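**Q** Sequence:
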Amino acid sequence: MNKNYVLLLAGVVLSATSSVFVRFVDVHPFAISFYRVFFAGLFWFAVTLVKDRRELFQVAMDKVGFSFLSGMFLAFYYSAWITSLGYTTVANASVLGALCPVFVAFISWILFKEKIGGRRILGIITCLAGSVLLVLSKMEFGLENMQGDLLAVLGAFFISGYYMLGGYLRKYMSMKVYVTLVYLSSALVLLILMKVSGIGVAGHGMRDTVIMISHGFACSVLGHGIYNYVLGRLSPVTLTLSALTEPVFAIIFAMVLFDETMNIVIFAGIVTILGGLLIYSLPEEKLKNLIQKNNRRAV
1 MNKNYVLLLA GVVLSATSSV FVRFVDVHPF AISFYRVFFA GLFWFAVTLV KDRRELFQVA
61 MDKVGFSFLS GMFLAFYYSA WITSLGYTTV ANASVLGALC PVFVAFISWI LFKEKIGGRR
121 ILGIITCLAG SVLLVLSKME FGLENMQGDL LAVLGAFFIS GYYMLGGYLR KYMSMKVYVT
181 LVYLSSALVL LILMKVSGIG VAGHGMRDTV IMISHGFACS VLGHGIYNYV LGRLSPVTLT
241 LSALTEPVFA IIFAMVLFDE TMNIVIFAGI VTILGGLLIY SLPEEKLKNL IQKNNRRAV
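With my numbering, the residue at position 31 of the sequence shown is 31, and numbering never jumps.
The hints are simulated quantities; they were obtained by calculation from the structure and are not laboratory data.
You may find that some hints are simply not true.
Said to hold, decoys possible - The calculated DSS-like cross-link candidates involving lysine-lysine, where the alpha carbons are at most 27 Å apart (straight line), are:
1. 63 - 113
2. 113 - 171
3. 63 - 3
4. 176 - 115
5. 63 - 51
6. 176 - 63
7. 3 - 176
8. 115 - 3
9. 51 - 176
10. 195 - 51
Stated by the list, open to error - Estimated spans, in silico, between C-beta atoms of each pair:
11. 245 - 170: 41 to 49 Å
12. 256 - 191: 30 to 38 Å
13. 267 - 122: 20 to 28 Å
14. 163 - 24: 40 to 48 Å
15. 191 - 170: 23 to 31 Å
16. 119 - 10: 42 to 50 Å
17. 245 - 86: 21 to 29 Å
This structure is a prediction, so every number in the text was calculated from the model and none was measured.
C-beta: ideal position from N, C-alpha, C; glycine also.
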């Protein structure tokens, strides 16, 4: 098997463990978020000083400003998404948090007047239908449970801003310099949020501190680092499909480790959203080929 596919699978699995790390600690979401981006940022800063020091210190000030803005979106994303795990299931949080392509389409349409093709509109409508199913599945349990789903959707909005700014910034800087600036900027924003909220950086206990540092290393350094490494080595279709499997792995982990279950409505919502994201993300010709192959197998 191509080593890049093995690496990609490892990256997907590592990224999917984020909810596991979060559930294993009893710490405020701001602190969990801070530890994740701060120690990941320190790691990439050390790497960048060795390999890309000149580029790091020559980044234009306007690009530094946009990096800070990107880091702010990332900080808000982690804060919202990690908080959502305290109110809803890993399944709902993971799948609803993956709705960022829908927000990217709307933001691009509103701000940049980019047209949304018919296939993407179909994908968006499908995702929205699945989201409604997931939210409706929680209505019987009260407003607090719905709050978790809504926070996950809010997180998807914030990560959309992060991705859009990242697409712009990566034209002007290497991956290592970009993640260094963004992670450390995100850590600064979270530090301010913690200060305002009266949450300390230290004093969380050795066990929780080790888990939170491991969270940043496993998910941000290794998981996302592998994604960036294979980005130019595998087809966009392969990467799209792999990204859709990340919530699936997260759901499996939650069912095994936390005894989470799902009813038919939740299952239908998850499948509908993932199907909508597939329709939205795959190139037209690839989607047609995939449908034709499935039709042949069915015959």
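**Q** Run through the hints listed earlier and report the numbers of any the structure violates, in increasing order.
**A** Those not satisfied are hints 3, 4, 8, 10, 11, 14, 16.
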